[in-house]
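There are 2 protein chains.
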Amino acid sequence: MLKISELSARTGLSTHTLRYYEKHGLISASERSEAGYRYYSDTDVRRVEFVRTARHIGFSLNDILDLLSIRLDKSRHSCQEVTDITEAKLAEVNARIAELQSMRQTLQILLDSCCGGPESATHCSIMEALEAEQEAEVEKDRRLGSDAR
Amino acid sequence: MLKISELSARTGLSTHTLRYYEKHGLISASERSEAGYRYYSDTDVRRVEFVRTARHIGFSLNDILDLLSIRLDKSRHSCQEVTDITEAKLAEVNARIAELQSMRQTLQILLDSCCGGPESATHCSIMEALEAEQEAEVEKDRRLGSDAR
DNA sequence: ATAAACCTTAGAGTCAGGTCTAAGGTCAAC
DNA sequence: GTTGACCTTAGACCTGACTCTAAGGTTTAT
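Chains A and B, in that order, give the protein sequences.
To convert, take the position in the first sequence, counting from 1, and add 41; that gives my numbering.
To convert, take the position in the second sequence, counting from 1, and add 41; that gives my numbering.
One should not assume that every hint holds.
Note that identical chains are pooled: a pair holds if it fits in a single copy or bridges any two copies.
Said to hold, decoys possible - Here are the simulated DMTMM-like cross-link-like pairs (lysine to aspartate or glutamate), alpha carbons at most 20 Å apart as the crow flies:
1. LYS44 <-> GLU72
2. LYS115 <-> GLU172
3. LYS115 <-> GLU174
4. LYS115 <-> GLU90
5. LYS64 <-> ASP107
6. LYS115 <-> GLU169
7. LYS115 <-> GLU160
It is worth saying that the hints were derived from the structure and are not from the lab.
Go ahead and model the full structure; you've got the sequences and the hints to work with.
Below, the structure is given as C-alpha cells:
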C-alpha cells in the first residue's frame, strides 16, 4: 500500500492533482488509516495509471469518467462504446487542428507580405491587413473556398 | 457617433465584450454623454475592428495590446516588431498543432486496433492499450522518433 | 407620463484542470 | 519528547476571454 506522496512519485502526478482527481470521482484510495491517510492498493495504482495515460493522450476528465465506467465492468459494455468516445475525441482534435491550420495560413500570408525589416511600420503590410476590414480573412477564404468557423 | 449597442451590431461583438475590451485597455469611446453613455467615433470603430480582426486571426488580447501600441504611432516602430509578434504567434500555433497531431496519431492507432463492434469490451484493444503502462505512447514514439512534450 | 428599450457600474460566474494555502493532525527518527 | 516530514480538509486562486447579474439611471416613443 502506497501513501499519497509515494503514489505521486510513482505516477508523476502531484498530490494536489491526485486529491483533485479523487474529488472528481476519477480515482480513490481503497483504504484509509485511522487518521485518514490515504493508502493505495495495486488496483488503485493501476486505475491512476489508466487515468494518467488517458489524460496524456488528450482525453478530458469527463471522457475518462466514461472510460472508467466501462473499465469497471467490461462485459457489460461494447467495443463500440469505447470507439465512440475515441472517435468523438478524434473529431474534436481534427476540428481544432483545422482551426489552427487556418490561423497558421493567415499568419503565414501576413508574414510573407511583410519585409520584417527595421523600417518604420508606417506602411507595414501586416498592420494594413489588420486595418483592412477583414481583407486578410477574405483573401484566405477566397483561396481556400473555406466555410470554416 | 455610435452608441454601444450600435457598435455591437456593427462589429458582432457583444456590448459585454466591448466593455470588457475597454476595461482591459484595448478600446475606448472617445466621448461620453453627460449620463456616461459611451459614444464611438469612426476612429474608435476602426480600432474596434482592428481588434476584432486580430482576435479572429488568433492573436491574444495581450498580443493585440502590443499591436495597438505600434498602430498608435507606426513611425516609431519597425516592421520587425510587427513580424516578431506575428512569428511568435505562428510558433505557438505550430507547437499546438504538433501536440494535437500527436494526439491524433495516438487516437488513430487506437481506433485502428479496435473492432468497434457490439462485442463485449472484455478484450477491447483500446482499453488494453490504456491499461498497458503507456504502451500506446511508447509505440507511437518508436514509430515517430518523437521527443515532443 | 409611462413603458420599453436602452445605458451605467462593480463584481460575480463560467469553463477546465489544476495549484496553492491555512490551520491543523500524525508519524518516524534521533 | 521533539523536530521535521508527512498527512488531512475546505476553500481560495490561477489562466483567458468572456458572460452575466444586480441595482439603478436615461432616452424615446406613444
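query: Which of the listed hints are not met by the structure?
result: none
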